[in-house]
Structures are given as C-alpha cells and as structure tokens.
Amino acid sequence: MLLELNNIFKWVTTGGQRIFLLKDINLQVEQGEFISVMGPSGSGKSTLLNVIGMLDTFDEGEYNFMDESVYSLKEKHRANLYKQYIGFVFQSYHLLDDLTVQENLEMPLIYKKVKGSERKAMVADMLDRFNIVGKKDLFPAQLSGGQQQLVGVARALIANPKLILADEPTGNLNSKQGEEIMELFKQLNEEGVTIIQVTHSEKNAEYGSRIINLLDGRMV
Amino acid sequence: MLKNYLKIAWRNLIKNKTFSIANIFGLTCAFAVAILLSMTALFELSFDQFHENKDNTYQLYLTSRTPRGAEVSTSNPVPLAAALKDEVPGIKRIARSLSEDALISYQEKDLSLDAEFVDADFFKMFTYPIVAGNAENPLPNKNSVSITEETAQKTFGTLDALGETIQVKIGGEEHPFTVAAILEDTPANSSMDFDIVIPFENHPEYESNKDQWNSNFFPVYLQLEEGMTTEQFEQNTRSFVNLHYEGSIESAKRDGATPDVNGRFKQLHLLPITDMHFVNYREGRAETARTFPYLILGVAFVIIFIVCANFINMNIALSENRLKEIGMRKTLGAVKKQLFFQFWMESVIVFLLSIGLGLVVSNLLIDPFKTLFNTKATFAEVTQPAIIGTFTLIIFGITLIAGGYPALLMSKLSTLRALKGKLDLGKNRLRNGLIVLQFVIAIMLISGTLVLHGQLDFMRNKDLGYNKEQVVSIPLNGRKDSYDVLELLRDELLKNPNILSVSGADNNLGLGKDGSLSSSAMGFDYKGKGIVTNALTVDYDYAETLDIELKSGRMFDREFSTDSLSLVINESMAEQFGEEDPLSIRIPMDDSVTYSVIGVIKDYNFQDVKKEVEPLTLFMNKNWDLYYAYVKIAPQNPASSFDAIKSAWEKVEPQAEFLGSFLDENVDRTFRREKNMATIITGGSILGIILSCLGLFAISMLVVAQRTKEIGVRKVVGASVSSVTLLLTKDFLKLVGLAFIIATPIAWYFLNEWLQDYASHVSLSPLFFIGSGLMVGLIAFVTIGSRTAKAASANPVNSLRTE
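Listed in order, the protein sequences are those of chains A and B. For the numbering used here, count along the first sequence from 1 and bump the result up by 1332. Under the numbering used here, the second sequence has 536 at position 538, and the numbering climbs by one with no breaks.
Hints in this document: simulated from the structure, not taken from any laboratory. Just so we're clear, the structure is a prediction, and the values are computed from it rather than from any experiment. Everything hinted at is true.
Partial selection, computed: residues in chain B whose CB lies under 7 Å from chain A:
#1 Met(-1)
#2 Asn2
#3 Ile6
#4 Arg9
#5 Glu323
#6 Met326
#7 Thr329
#8 Leu330
#9 Gly331
#10 Ala332
#11 Val333
#12 Thr413
#13 Leu414
All C-beta atoms in this analysis are idealised placements derived from N, C-alpha and C, irrespective of residue type, glycine included.
When you get a sec, could you build the whole thing from the sequences and use the hints?
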C-alpha cells in the first residue's frame, strides 16, 4: 500500500456556513497504479491532488503515506517525505524562468542534498532519456509548451519518486503534444512509477488503470 | 546549493535592473556618506583619548560664587601648583601649562611658533612620545626646550637637531635655548597643540607673579594617585581654598553672593582631560556635551535607515513577482530555512556590493569632505580593530533586518498561496509606516536646515555695534614693539587716500587667521561693591577706526597727556556702576593710582556674537603691549586697499607673516561650528530627501504596475487622466501629511532647545516648518505624480489586455 485516505474532509467557512471541498474521501492507492481523477470544474479534483501531495491540509480524517500518518508530521518531515517520494507535474509547467533546462532539472536534487558530481550525472541521464540534451542551456521561455512540459515531467522524475502527481498535465498543450506526454506517462507507469493524474479529457483518462470520478467533493 | 543561490540572485538583479540600480545606488550613496560621517564623529570622540593616563588625569577649574551667580575659571595663579601638591594629599603629578605664541630665531630664520610653557611633570602625565633625545625628561634644565619633528624640519631643515641652540624672544628679549628632545608632532585629535615646549619658569610673567595669588593666567593639569576619587579630592581641597583665597571669599560674602549647597563660595573641581574637547561651563559646573559627534552619527544612522527602508519596501513589493518560484521550490522540497537563507543571501549580496562601492566612493571623496567639514579625520584614525569589529557587526545587523524581513515574509508563505501568485501583506502597513518615518526624518532635517541657516544669517547680519565690513585686523606677530609698528603703519598708510585710520588693541574681534582667542577680565571694589569687567587695552583712534558710537564724554585723545589714567567704559559697565553721571566716576586702584572715566561707548559685541555684551573697560597704557592692529579703509576698492596694507606690513615687519583679514571674515570664522553643523545637516537632508524619493518612486512604480487593470477599468468607465492621477497620488500624499504632523512638534522642540544657546536668535516662526512641509510635499508629489500621470494617460485597451 503506497497511500491511504480514510474519511478525509476539507471545508472552508464562509458566512458561517461550511462549504465542503472534499467530503468523506476514501482511497487506497497501491504501488504501480495509474489513476485518473475526473470530474467537472470545482468538483475538488485539484484539491484532492494537493492533499495527496501534502501541499494542502485537510480538516478531518486520516491520511497515511507509506504507513506514516501525514497529519501529525512537522513541516520538515513532510517536506522530506515528498521530496523523496513525490514528483509534481503542473498544467502550466511551473518551471523557474530564471533557470536553464539543466538547472531546473538539477534543483530537486539540490534540495535532496545530492552531491555535485552525482547530480551532474543524473541530470545528464535525464536529458538523454528525454532527448533534450540539445536544449539544456535554454531558458523555459525559449521552449514550446510541449517541450516545457517534457522538462516538467523530467524534473518530476529526476529524484526517482515513487509517485507522480499530475494536475492536468496536458491542459495547456495541443493534442499531439498531449498524446506524447500521455505516452510517456504510460511508459513510466510500466516501469513501475505510480501516477495520479487529474484530467478533463476522457481520452487521457483511458490511459489510467483506474478512474475516480468526483462531484462536489464526493467520490461517485 | 550556494552556487545555485548565487546564480538565481544574480539573474534576479539583472532582471529587475531599475530596482537593482536604484537600490545599489541608494545604498552606495548612503554607505559612503555614513562612512565619512562616522569617521568624522569617531575622530571627534577620539579627542585626547590617546593619553595613557587619561583615566586619572584632570584639568583643574575653580568655581566662584558671585552676586551674579556661579562663575568658572580654568586660569590659575603661579604658586598654586606647588602649594596644592604640598598641602593636599592625593596628587601624583601636577603641571602648569601655558600656551602662547613665541617668536624663535635660528641663524637668519624667524618663526612664530605655538609654544607651551610647562612643568617637567607634563610629559609624565601626557602621552607625547619622544623621538630623539632625553626620553626620561625632555626638559632637563631651565635653558632647554623640546620641539616637534615638524618644527625641527622647519627650523633646521633636518630632524637631527639635538643640541642645537635657538633664540626665543621672551618679554622683548632674546634668550638662547638648547634643543634637548625631539617630539612626535602633536596628534590631530589632541586638544593641546604645540610646536615647541619651554620650561615654565621662562615665561615673561613668571618672575613678577611668583608669589601672586590674584593673577590667574594659565591652566593646571594634575594626575591623581591610584584609588583617589575626584569627589574625595575636591573635598580635600576645601581648607586649601579657604586659606589661599581668603580675600576673594570675604569680598564675595560682602557683595552678597549666595554660597553653593555645601556653603562654599569657592570650590576647586576636576575635569577629566578626555572631556576637555567637549566642555561647556554653565552655572559654575563643567558640562560635557558630545552633541556634535553624536549629531553626526545620528545623521549617518538616519541616512542608513532611509535606504534600508527603501530596500525593505522594494524587496517586499518585488517579491510578488517571485511567488511562483517560492511555491515551486517548496513543492520541490525546499523548507522554510532554505528559502529564508536564499532570499537573505540575495540581500547580503546587494549590501556587500554597496558597502564595497561605498568604501571606494568614500575614499575618493575623503579629501573634498575634509575641506568641506574642516575636519582632520582620517581612515587611520578610525581603523582600529575594535571599531572595525563594531562596524562589521552593525552592518551584519542591518543586513539581517533589511534583508531578513522580506526573506522571512516570503519563506513563510504557504505553498499553494504562493503558487497561485497571491500575496497578502496585511494592507501594506509596514510599507506605509516606513514611508511615513522616512518623511518624518526628511521634514525634520529640512526644517533643521532652514532654522540653522536662518540663525547663521541672523548672526551674520546682526548689527554688532562696530564696522566689520571696512576694517582689517592684523595680528602683530613681528619682533618690533607694537606701538612702534602702529606708528610705522600709520606713516605708511595714511598717505593713501583709501586708508581712513589705523588703531590697535590687545585683543582681536572675531577669530583671526592666527586662530587665537583670548579674554582678560578684572575685578575691583567701587563704593563697597565688587565690580567685574572685561579689560581691553587700546591705542588712539580705536572708536573712530571701528565706528563705535560714543554715547557721552570723549575717547582717548593725543591732546591729553593724562589719558593713561583715563578709562572708557561701555554701557553695560556704566549700568553696573549705577551712577547717574558715569563721567564722574573715579576708581582708586593699586593704592596710589586713581582712574577716571572719560567716556561711555555704546555696547558692541567685543566677544563671541553668541554671548550677551558684557561690561567692558578700555585702557590706554603704553606699557601694556598691543597684539592687533586695526586699519579702516574706504568703501571703494577694498581689494587694492587690502594689498596696500599688506605691502605696508611687509615693509614694516619684513620677517613676520602677514595674517591680516577683514573683520567680517573674522566674525564668520567664529561660526565655524555652526557652519559645519549647517553643512552636515544640509547635506544630510538633501541626501535624505533624494533617497526617500528614490524609494517612493520605486514603490509608486510597483503600485502602478499592480493597479494597471484597475486604472484601465476606471478609464473605460470614464475617469479622466487627472482624476486617476490624483487617486493614485493621494494615498502617498496622505502619508507625507501624516509625517508632517508627526515631525513638526519634534523638530520644534529640538530646534528650540538648540536656539537657547544663543543670547540672541531668530524667532522660531511656523514658516520654517510649513516651508519644509510644503517642500517635501511638493517633491513627493512630483516624484509620484510623474509616474502615476504616465500610467493614467496610457491607453486602457493596452492595460486591460495584459490580464
């Protein structure tokens, strides 16, 4: 069992009324799964992903990640957990504009305190694997959207995470670029990486081994 | 990791060029100025700190109660030092020290030197190192002198001058002296400054005053034994004072003086030598006020504060553009500490860069700075490990606060908020607070500048009671008898139609180029009442030369042979006598001689302009030397008349340097302190306002950028350019208004305190404050308005498209 959500609730209070963002979510994710989260806008897809990724908190319930209770962890430990096991891919890539492709890839390793020589080797590997060696010295703004997302995925992968969380990874891409990214995900999943993706597209959802549908914060 | 941070920091600096330059420029200016100012202040504070015995060495002063209140004198009679050491326990060493100009000659050379007549213990108490010669006692016998290296070089052309003989003119006669030791030049931060040291017994007044207790004319310094406190010592001196000052204590009692809390009419006090440079005597006690150096430090601090406030404001405002980075870094595993360190380091880089540049700039500016502020401060003076250490610590502290606060703010943001690019900084309270403080400082500095200049102008234009524009005063520093010199000058000059008259006196008006100031006072009994007056010996034509108005009677006249027993007094003096007809006053002095008052002149500022005019008596006695000549010239062609005086002088006294100067220059020279203060405050306020505006400009730029959409929407619905400009500018002007309200009472209080030091001063009119408030408001308006007007006049279609 990679992670387990039991009776997770999350809400905001406006005007004395609770508005539920997540309502009684129960989810078990096994190692090697490829899960697609679907649902209309505002159904809580991204919130769920953020909670799983520990970027966001929840108000009630229990979340165990690799048999550790996330709720009780301090920030530092939480950061340790996710920098070791989780990689993020965002719809709008979120690459750092001031860093080159190579430096962007390097950054998670820096925070993981990987040594310089090892870092170089891992970055070189990753560049090689994604066929972007020629672009290593370019800045994000000099790349196409598809290429940027490629770098985004590469960055998510570089620290050898067990889980990749992708929030509409193809949302800003055209269909051909989107397809390439999905193929890549599929391949990664076959290599053993667990993936949870949020998507609007039925077609992309099909890549997953399991589909979760959300509506108004509830699993349906 | 460090490399990565550095890279990011550098790229960010390049990306935000305008702000980086504004920040670095501001910080550099501020640091350069702060370095120079602190250097000056530290130099001032280092005065007399180099003496190894500074902790138990003191200057002696006597507080006397008189009917007018307590008065202080640092001048002492000749027998006092020896008697004090014999009769009062606790004195380790004691030395008399009298500073006077002395004319020395060696072969064909004549030099006017700054001489110090001292006792042998002087060198054991004070630290004036000996370079060559008798290190144990630099004045082994009565006929030996010690000279500084500079003097040796000037006199002999070499430092190897031990054993040479020079002639020193003492009391009109030349005496031979042997050079027994060569001293290091006196440091610039020494209150006592001399070229040559002569044994005290050689002073011309020494013999005649050997046993006189009522002739006071020099300071006395003493070193206390270990464990003796000043209070204890001061108590010990009481019976000594009762014994030796019996006569004057009696007359003080008789005249109705009130004793001090201890029931005493005269009390000896000690002033630590490290306080000598800062002392002010007020109501009988020494007050040491290190206001000036601390004021300078204050200005330096305030300037640093202004730029730091800019830095914090700009950094926080700019961080909005980096929210995505912060969020991203957090999702990649950065923790608070790492983010804090990253952002803090970026600030440190900017600070280090600015400090480095500031050091370079201050090094380049040091020479003009020294001339401008009239200071002898050097880097060497302040580059001691302790000071450098403190400085580093302070800089570290500043960087920690200025760089650390924005860093803390950013590192605290939650990941999701950061990723969404929303920054909520609590209504900009900190930003506004800092801006208000900046402007409070600016307004205070500007009103200080206005009042200071107002007071300077006031003193400059004040009617001093004499003609300062048309009179040249010349220090009589030559070898001839002063009355002969005056006669010779008259002969030379009165042929010239542009020279109106020539006279002389034993004191200068204002501060001449010889840099010497003296005062002479005396007291006597008149009809059972003690009278104290300043005394001045003058030559014929004194009032005429200086255009001093005669109220009644006459001035000294060549027609009257008895004028050496005549007195001319000023109005304050006449008032003190309380006689209906001052011309009837006869004063018996020294048993046999009786002086009579022949004239009353109008009060004129014969002393410092800052003081009230005190009672003054003019004497006319050929046996008393004169030290200054006064020459009155016609209003036309002052420059050529001045040259004529100079060439006449060179004819009369070919070997003495001509140090003549117009009296208005002399008066101006007495304002040196005020002028220094005015320059520093003016400089500080100009820099302060420029830097504040720099910050304001940057902030308004960012605010405009953040409100681009709002501006667009407002314009689309029909707002005019001016209304939008006003809307954007209003918020900032409110802050300036608030600053004005806060600054005015504070500035008023301090300026009022300061003006109390002046007997007559400008009235503190509200115009000073309104003026400075308006000035700051206007400058701020132009600064922000230029930015907001541009934004307001942009095409709304463009600004809306950016969303």
